[in-house]
Amino acid sequence: MAESGGLKEFVSAYVVEAEEHLETASTQLLAIEQALRLGGANLRAQREAFRALHTIKGLSAMVGVESVVTIAHRMEALLRASDRRGAKLPVESIDVLLRGVRAIQARVRAFGEGKAVPLPDVELLHALDALDTEHGNDPDELPHLELEPSLAAKLGALELEQLKAGLNDGQRALRVDFKPSLERSARGVTINQVREHLQRIGDVVKVFPTSQPAGPDEPGGLSFVIVLLSPAPLKAVADAADVAEDKVQILAEMAARLPVPGLEASLTAEEPLDTSADDLHVPQRGVVRVDVSRLDDTVEGLSSLLVTRFRLARAVKALRDRGVDTRELEAIVNDNARQLRGLRAAILRVRMVPVSELLERIPLIVRGLRRTMNRQVRLELESGGAEVDKAVAERLFPALVHLIRNAVDHAIETPDERVRRGKPEEGLIRIECSSRSNRWLEMRISDDGRGIDPAAVARRAGVAVPATEAGLLDLICRSGLSTRDVATTTSGRGMGMEIVKRIVHEQLGGELTLHSELGHGTTFKLMVPLSISVVDAFSFVCGGQRFVTPVVTVEEIIEIDPREVVEGLALPGQRPIKLVRRRGRAVPLLSLASVFAMPASGLEAKALVVRRGDDTMAFAIERMLGQQEVVVRPLNDDLIKVPGVSGATDLGDGQPTLVLDLLSLGANVSSRRLELEA
Amino acid sequence: MTDLHVVFSVAGAEYTIPAAAVVQLESYQGATPVPGTAAYVAGIIQVRGQVIPVIDLRRLFGQPSAEATLDTRVIVTEQGGRQVGLLVDKSREVLRIDSAAVQTTPGLVAESSRGFFAGVIQLGQRLIMLLDLRKIVGEEDLNEQFANRFESGFNDAAALPGREPEGVAGDDGGAAPEH
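Note that the protein sequences, when read in sequence, are chains A and B.
Under the numbering used here, the first residue of the first sequence is numbered 825, with each subsequent residue one higher.
Under the numbering used here, the first residue of the second sequence is numbered 586, with each subsequent residue one higher.
In short, the hints are calculated from the structure, not lab data.
As the structure is a prediction and not an experimental result, all values here were calculated from the model.
Do not take every clue at face value.
To be verified - Computed, partial: chain B to chain A, Cβ under 8 Å:
#1 P603
#2 V607
#3 V608
#4 L610
#5 P618
#6 P620
#7 A624
#8 Q631
#9 R633
#10 V636
#11 V669
Even for Gly, the Cβ is constructed at its ideal location relative to N, Cα and C.
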């Protein structure tokens, strides 16, 4: 059903957007803290944080994550109250607010994963309330709302409080009925956009999603009842929500509402102008949020274009071989190649994210460590304007976190010790990035701490002192080796380096190097590719060897029933082609092992069915092993570039496993046959 | 001029290459065979996160492959950023060899060896063949190989000098025909 799909998309959009605002909130909170420590205040950061929390509250109310609404509301109230007092938050409030951010984050994620969302932590709420001394309850009676009892019952205490406050301020409580439709979404009008528009002329208190059964003249589906507070005239509200004026109803207004001279006039005069200006700038920041799977679809489309181009080139060559003048055709094919190259580069660029986004998350981590470890650390971050593929960024981040933790935990000395050694009290951790030759990202993580003592590491591992820094790196990356006697909560027992190494080598196909000077500090250098390809793949056994192949290329996995296999026609000098019946049609059945000239070992009991255009083919294999996500590394060397093998992957045993491209293998087999026939 | 050379043995004979071209020596746990490659390509191995091809020198020199032993080594070589492993029976020695001591390959040997040998070094009773690494890893045939592959149509996309010509197949799940 299209509606449920819409709802799912709605949830993931909510999670993405909420995470973004949470990040803004924590960045701004850190900025506020820094200003407070220096004895000043950062008004702008405070407002930004407020805005982020306010948006989170609105979003969460819309999808019905009440516990987030509650937490965000208290945090927002705290910030607002301090803003009114003259912009000074108590320093200790930052801790509580950051706890709030984490609490919200956990709940947003739980919601996104379809898990039960925990109730707000009472202790956290108390802590927030204790800080917000000005926060008080108005003992006035609740207003009467012209709302169905079923909906009114869903309004939480906070929302009722908000309505009451708004009504006291002279605003009207309004109800807008909005129903998404194909026609509306074609114009880009969605519930999110409507909510945004309404937010500009009022305060959205609550959005109720309601489902409607299909009527005689209307399809069923999801519609929304929006409750908002606004001083704007009904017409302006209806326009903002893209609905007819009769879809906007007054729920409540204060009886003694004093007319504010000029207010209505100014709003009617301004709002339409505003909205039309908005329509002109629909992509406000020129940023579109895209699901990665949609990008993958695009890449898939591109690769079928490449297949077509390859067929075209062959056809042109065949013509040329027959003596036809193909110069013009060849020029077109070359143009086509150039355009495809451009298209491919453009698609890859779309997947790139700035490394600075990765680095922005580091200060928060260091802040947490600084407090638990009694270290003073200064961070220097330099992204060098580099960008990496999203898949690389996601894998790189945990490695980065491990290295930073190690640096704070093991490398940087306590302030006293640093002073004794003639170093500044504050330790320095520096992350520096740059892209190399369009293919690699170089990232250096340096500290000015105590450095790594090869002798001490060797003693602990019970081996000879490594002669080179590469040897030392190997040693500290050994599983379970720690130079500490006690596992700390932050760094554990030295498993970190092993994980870093595994991420860099196995998941990213990169390199990790180390430079350390005893007493002066350590630098880790990571070289990782700017983009990697991750595919969902089947693993299976054929000819006694393990292979993987992308799930998308396999139409079906069938059991081979020997009774359904027939020998087809044998061409002179060739073995007969076997055929297997599949859905009433005879499909060529090829033993993958014999295509690869491998010794067939064991019974070929299963077959992978692939289809290229109208051509269907089944590759017989011994057995299936499973399905998993693999990182595909291209095989660049000419010695090992062969048809049907698109790369290699590491399934975790340190031995490369080949990634097969059965589609191009099928194409190769058929063209070999054609050549033999001709 | 004297240079460090790594000495190794293959099927009872001794060979050497300049140490400058050697990245490291690895013990051999077997390679993953790649079907459809030349018979002398033992397969691929993973070294420090990189996947590289391994040439079985026994097979390249027309000898039958041998069962791997504790002595079996992969010599990881690098030339112009390209890493290739050489599978040898044993390698334990690094020698300083004077370039003046390198004699030209005897005509008969040169003819039968397809240009693999750059010369012969006599060291007392020992006769060590100096290998031409470029010939061994097929560096010089590269252009010809490219041409061949383009003809057969399988390097179509990869032959385009794109920003990262090798990736498409993997990116989308391998529908492109380039490898």
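Using the nearest Cβ pair, does B/V607 come within less than 8 Å of chain A?
14 Å, violated
Does B/P618 pass the interface hint, meaning its C-beta sits closer than 8 Å to a C-beta of chain A?
Status holds, d = 7 Å.
Regarding the hint that B/A624 lies at the interface with chain A, is the smallest CB-CB distance below 8 Å?
Hint violated; B/A624 Cβ to chain A Cβ min 11 Å, cut 8 Å.
At a threshold of 8 Å, is the proposed contact between B/P603 and chain A supported by beta-carbon distances?
20 Å, violated
Report holds or violated for the interface hint on B/P620, using the least CB-CB distance to chain A and a cut-off of 8 Å.
3 Å, holds
Per-residue hint verdict: B/V608, partner chain A, C-beta under 8 Å:
Violated, about 11 Å.
Restraint check, 8 Å cut-off on beta carbons, for B/R633 near chain A:
6 Å, holds
Does the nearest C-beta of chain A fall within a distance shorter than 8 Å of the C-beta of B/V669?
7 Å, holds
Can you verify the interface hint for B/Q631: is its Cβ closer than 8 Å to any Cβ in chain A?
Holds, about 5 Å.
Under 8 Å is the threshold here; is the Cβ of B/V636 close enough to any Cβ of chain A for the hint to stand?
5 Å, holds
Any CB of chain A closer than 8 Å to the CB of B/L610?
It is violated, given that the least Cβ distance between B/L610 and chain A is near 13 Å, above 8 Å.
Violated hints, in rising order: 1, 2, 3, 4, 7; the structure is consistent with all others.
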